[in-house]
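Here the protein sequences come in this chain order: F and V.
Letter by letter, the first sequence follows residues 1 to 292 of my numbering.
Letter by letter, the second sequence follows residues 1 to 223 of my numbering.
The set of hints was computed from the structure by calculation and includes no laboratory data.
In this text the structure is predicted, and so the values were computed from the model without any measurement.
Positions of the beta carbon are idealized from the N, C-alpha and C atoms, including for glycine.
Do not rely on the hints blindly, as some may be mistaken.
As the list claims (entries may be wrong) - Derived CB-CB ranges, DEER-like:
| hint | chain 1 | residue 1 | chain 2 | residue 2 | range |
| --- | --- | --- | --- | --- | --- |
| 1 | V | Gln217 | F | Ile197 | 50 to 58 Å |
| 2 | F | Pro212 | V | Leu176 | 48 to 56 Å |
| 3 | V | Leu204 | F | Leu125 | 39 to 47 Å |
| 4 | V | Phe134 | F | Trp162 | 42 to 50 Å |
| 5 | F | His164 | V | Ala120 | 16 to 24 Å |
To be verified - Mimicking DSS-like on lysine-lysine, the simulated pairs with C-alpha atoms at most 30 Å apart in a straight line are:
| hint | chain 1 | residue 1 | chain 2 | residue 2 |
| --- | --- | --- | --- | --- |
| 6 | V | Lys119 | F | Lys49 |
| 7 | V | Lys119 | F | Lys38 |
| 8 | F | Lys184 | F | Lys200 |
| 9 | V | Lys119 | F | Lys200 |
Said to hold, decoys possible - Now the stretches of chain V that chain F is said to cover, found in silico as 3 or more residues with beta-carbon under 8 Å:
| hint | stretch |
| --- | --- |
| 10 | 24-33 |
| 11 | 39-46 |
| 12 | 85-94 |
| 13 | 135-148 |
| 14 | 160-167 |
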Amino acid sequence: MAHKHDPNEKIVFIGDSRVRKRDYSNVTPPDYTAFPGKSEAFIPNFLLKEWMVGVVVLIGFLVLVIAEPAPLGYPADPLNSAFIPMPDWYFLFLYQLLKYPYASGDFIVLGVLGLSGIPFIALLLAPFLDTGKERRFYRRPIASSLMIVSLVAVVYLTWVSWAHYQHELEATGTVPEHIEREIKAEEAVAKGLPRPIPGKEKIPAMVAADDPAFTETMTQAACIACHGAELEGGGGPALRGIGDVLSKDEIVQTITNGKGDGAMPAFKENLSAEQIDQIATWLSKQKAEAAE
Amino acid sequence: MFKNMYNWIDERLDITPMWRDIADHEVPEHVNPAHHFSAFVYCFGGLTFFITVIQILSGMFLTMYYVPDIINAYYSVDYLQHQVAFGAIVRGMHHWGASLVIVMMFLHTLRVFFTGSYKAPREMNWVVGMLIFFVMLGLGFTGYLLPWDNKAYYATKVGLEIAGAVPFLGDYIKELMNGGTIVGAQTLTRFFAIHVFFLPGALLALLAGHFFMIRKQGISGPL
Chain F
1 MAHKHDPNEK IVFIGDSRVR KRDYSNVTPP DYTAFPGKSE AFIPNFLLKE
51 WMVGVVVLIG FLVLVIAEPA PLGYPADPLN SAFIPMPDWY FLFLYQLLKY
101 PYASGDFIVL GVLGLSGIPF IALLLAPFLD TGKERRFYRR PIASSLMIVS
151 LVAVVYLTWV SWAHYQHELE ATGTVPEHIE REIKAEEAVA KGLPRPIPGK
201 EKIPAMVAAD DPAFTETMTQ AACIACHGAE LEGGGGPALR GIGDVLSKDE
251 IVQTITNGKG DGAMPAFKEN LSAEQIDQIA TWLSKQKAEA AE
Chain V
1 MFKNMYNWID ERLDITPMWR DIADHEVPEH VNPAHHFSAF VYCFGGLTFF
51 ITVIQILSGM FLTMYYVPDI INAYYSVDYL QHQVAFGAIV RGMHHWGASL
101 VIVMMFLHTL RVFFTGSYKA PREMNWVVGM LIFFVMLGLG FTGYLLPWDN
151 KAYYATKVGL EIAGAVPFLG DYIKELMNGG TIVGAQTLTR FFAIHVFFLP
201 GALLALLAGH FFMIRKQGIS GPL
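Extracted from the complex, chain V is given alone in its bound form (with noise of 0.2 Å):
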């Protein structure tokens, strides 16, 4: 029935190259954990990848209770942990995963560096993930604010005094992420705003293209 499903779509959409092109690629014996256990480094990019949907996902399921505002941010977050069924895990998923998402893409990062992945020609592939790299510090940042809470309060208050020292935009970042002159209400705002939609909306873009270059390009030969 599905191979019907499937040829019926097939013959008005052509998709078999697309599926081609996402399925049907080889693995080389030389990333393959199971020919080489040290290969195991080569994990770690779809790690990052499984880690970022965990991410994705969970994050969905708290903006269902989240509440971006001052008075309620944090009595939000506080009935999500306590009150709503497997909140606490979902939340924790979300907390925990962020810094697993920065601990994977650090080793990927890593792996790529010294394997000398990134050489010609593959140098766009290596910029556009290190632009997925500051996407995801962004995310950690504007993410660590929402709970609202005294350590997210004063930590965005120090992260953007150090934004404002950068010379000559300096002054001009922080009012903007600041959305005034103090951490406040409107920061708030700004900050759920970017971390739900700017930021994804960029990340999954970056993703996008990281993925399609690989798969145009092949993963790296052996050393």
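Just chain F, with the same shape it has in the complex (with noise of 0.2 Å):
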């Protein structure tokens, strides 16, 4: 710079310069005398409380992240008639309600709209409704009262719908998959087998596939339209392997009475009981260590 001048002096912009020299030297934001007592800087003094405060959640957040692993289950499968949908937990309060003989069917209308989208407009629009001066939630009635009994009404709704869940896992027999998925994972590696991928998994070749409990039998009976023409799955899961997991006296019981409410048909009344013990004999041979 050829001269001299004030340090402190702010650069004034002319022409077509929008900033504008401004005196801030007075400047008291308008809050800082709103209210009496105790007020302080939001940063950084506040600021650094507050963050205490976060601190302290953000340690007891990552216990939970580290000791419970985000659920995974097995891939999606449009053809899986037999999973029961569950939908994630804040969710499940609306789920019953359409669950209910007036929210639902004929009424689905009733539900969705007066049940469901008329308490959350309300919500919405809360302070357009409840217009008074007072603000205290004991001078406020109707609006305290009305809130109280929606969340009553959602944590009740919420408890049935999950009661419910468990009641139906437990009468269907259901492990819930990502619960499943991760046994078997620690299984496979007890074993010292890589841990498994759904649907990657190697299924092994089959064993004798030339005798005539499949060639001709299980044609006749069409268990390969879910099994797959290879047994290699698709409705139902595969069978090459089976014998690994199921004994011969399982597979006997499971072709004979079903499995899965039906997912898996009864065939006591199509097959003789010799053809299921010879089905049965021949899938029981179906073993990894076999197909090798």
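Make the complex out of the two chains shown on their own, each in a separate frame, by following the hints.
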């Protein structure tokens, strides 16, 4: 700079500059005197205290994250008819509400609009519905009691929905997929095998593929319609390697009486006991070791 | 040095008033848990924002590995969960954070409701807050599908059936979300786009409005 000037002076732009020079020496933010008592500055005083609360929450959160890995079930299978649908927990109240007779079927419009839509719109517009000056909740009996009733209803519906889900799991003998998968992975790792990736397991080759149990009886019973022409699985599970999973008696049981609430139909009407025995004998030979 | 840098920028852009607006304001005694322990209920809003930031950051890292197509989605999540260093932690944070953000937001909403803080002149901020709530639920719903396991698939199917039950518009909403008539490949890519671009964009805009209004109006006074 060729000439000296006051270092504290702000540059004043001229011409088309839109930055104006202003004097901030005595600007007090308007809310600094709004409330009596021990106010403090947001930055840094209060923010540090709030950060301490944040750290406590963060530690609790990370403990949860490390203790409970995020669940992952089996790959989505649109043909799986036995799966029990389960929305995330914060939608359960709505899910349960829409199961009641007056909120579903012919009354679904009432359920979706009347019992869910209108309360949500009322919540959205709460300040325009509850226009009184009073802020204390016990002086606003209508607004507060509506909110408390809704809260109780939401908690109750969520609980009923969850209890019903647990009941269904028990009744059908289902282990939730993400847990089942975890158990199987742990078993495999304990045996020294690689961690199985669902849907990418190598299915063992077929043992004694020319046996009449397969070429005649099973073809005639249309097993391959669900289990696949090469028994590689489809609507039903793969049967190659089934001998490692089920014993012969268990296979006889499954064919005779079916499994999974009709997902596997009962064949006692269509097949004679000898035929079932013939198939089960052949299936129980389907072991990974024998296939090698 | 930082002071010089600040002054250099300030001379050109006049940022001091902006900084004042963000940082330089009082926190009154009645919301400060250091003075009244029961004032911890006023922390829920800040904690919601804190978890939201965690969600955005962890989500950004998840998209580095996630593949939104029906063949690979599940296996990319599986790979992320079991092969990628710290993948289980990042995915765990995003999974549990999704629940925690709903919890915190719910508590924040209840605090605002029961202290009557939504009353004049803060009606607009309540409405924006409720819109944030709905966007968060939308993020939860669309994010639930992305791992493409059975739980995700069937929950989405049920959810879209409920959306389809809305009179007149239901079928259109359902088809728009589905990207067709079934929950399939199009649904997954749509939910991915909605979860990663549309709703976060809406969320950031709404959050900006929420924070602008709270700064302009200040926090509601003591009861």
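Okay, the hints, checked on the actual structure:
1. V:Gln217 / F:Ile197: 50 to 58 Å: holds (54 Å)
2. F:Pro212 / V:Leu176: 48 to 56 Å: holds (54 Å)
3. V:Leu204 / F:Leu125: 39 to 47 Å: About 24 Å separates the Cβ atoms of V:Leu204 and F:Leu125, which means 39 to 47 Å is violated.
4. V:Phe134 / F:Trp162: 42 to 50 Å: violated (23 Å)
5. F:His164 / V:Ala120: 16 to 24 Å: Given about 43 Å between the Cβ atoms, the range is violated.
6. V:Lys119 / F:Lys49: holds (28 Å)
7. V:Lys119 / F:Lys38: holds (25 Å)
8. F:Lys184 / F:Lys200: holds (14 Å)
9. V:Lys119 / F:Lys200: violated (58 Å)
10. 24-33: holds (count 9)
11. 39-46: As far as the stretch 39-46 of chain V goes, the hint holds, because 3 residues have Cβ atoms under 8 Å from chain F.
12. 85-94: That given contact holds, which follows from 6 residues of the stretch 85-94 of chain V lying within Cβ reach (below 8 Å) of chain F.
13. 135-148: holds (count 6)
14. 160-167: holds (count 4)
Going through the hint list in order, the structure does not satisfy hints 3, 4, 5 and 9.
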